[in-house]
Amino acid sequence: MTYLQDLVEGKIDFHGEKKADDIVRIVLISSTVFSFVLGFALGSLRVTMGTFALSTLVLSLVVLPPWPMYNKHPVKWLPAQESPSKTK
Amino acid sequence: MHSIYARFNGLSALWSTCIVALLAAIALSSFVFTANTDGKIDVVSLKVFNTKAKRYPYKESELAFVKFNITADLRPLFHWNTKQLFVYLEAEYTNAQGVNNSVVLWDRIVRRKEDAYISQSSRNKYKFRELSESFKNVSPAEFSLKYNVMPYVGVLTYGEAGRTTGFDMPEALDAVS
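Protein chains in written order, with our numbering: chain C, 1 to 88; chain Y, 1001 to 1177.
By construction, these hints were calculated from the structure, which means they are not laboratory data.
Possibly wrong hints are sitting among the right ones.
[As the list claims (entries may be wrong)] If you only want the chain C side, here are some residues facing chain Y, beta carbon under 7 Å, derived:
1. A20
2. F34
3. S44
4. L45
[As the list claims (entries may be wrong)] Derived Cβ-Cβ restraints for the label pairs, each shown as a range:
5. C:V33 x Y:K1083: 34 to 42 Å
6. Y:L1028 x C:K11: 37 to 45 Å
7. Y:N1050 x C:L42: 36 to 44 Å
Where is the CB? At the ideal position from N, CA and C, for every residue including glycine.
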C-alpha cells in the first residue's frame, strides 16, 4: 500500500523542486513563442497548436514523474533524539 | 512541489496563461494581413411579377427575380487564421416609405482557399420581396457582393468585393400561367 502511495506522490527534494519549476517556466514560455513563430511562418494554425501540444506533452513527461535528477540532494534529517525533557 | 499533483498544478497554471496569450497573439495577427479583392457583378435580367403572398392566398404581393453573373477572386483573404468566408450578394434600395433595405439574394460558405474563386452565373437563391408588397416608386437598387471573414480566433471582419450602379425596379408583370 505504501508503495502505491509513494508512486502516486512522486516525492522530490527541494533542489529538485526548484529545478522542476525552472524547467516548466522556461519551456512553457519559449514553446509559446516558438510555436507562434513557426505557425506564422508556415502559415498554418495546425502547426502552432501541434507544436505547443507536443511540447506540453514532452514537458509533462520530463517534470511530472519523480526522476532521479530531482532527488540528487535529499534532505539531511538530524539524528533521532530521546523525547525532549520539558523545562518550563 | 513535492508531489506529482503539486507539480501538475503549477504546470497547468502557467500553461493556461500561455494558451490564452497564444490565442490572443493569433487573434491580433489577423490585423497584419491585408487583402485586395476585386469583384464584378453583371445583372443579366431583373423582372418583377405579381404573385399571391405565401400563406395568404387573398393578398397580392410582388416578387423580383434576378439573374446575375458574379466573379470575384477572394483567395487573398485566406490566411492562417481564416476558418471560412461567408460571401453574399445583396440588393440595396430605399423603398417608397424611405426605409433602407438590404436583401440577401445569394450566399455561399467558402471553407478552402481553392474554393474562394467565385465564378457564378445563377439566379437569386432567396425570395426578393419588398415588405410593403410592392416595388412601385422604389429607389434604384444597387447590387453588392460582400464577404465576412470568420477567423479561428478573433474578430469577424467584413468587406465588399464589388458593387453595381443603380438598377430601376421594372413594372410588375402578371405571372405566366
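Going through the hints against the structure:
no.: 1; hint: A20; in the structure: holds, 6 Å
no.: 2; hint: F34; in the structure: violated, 11 Å
no.: 3; hint: S44; in the structure: holds, 6 Å
no.: 4; hint: L45; in the structure: holds, 5 Å
no.: 5; hint: C:V33 x Y:K1083: 34 to 42 Å; in the structure: violated, 24 Å
no.: 6; hint: Y:L1028 x C:K11: 37 to 45 Å; in the structure: holds, 42 Å
no.: 7; hint: Y:N1050 x C:L42: 36 to 44 Å; in the structure: violated, 58 Å
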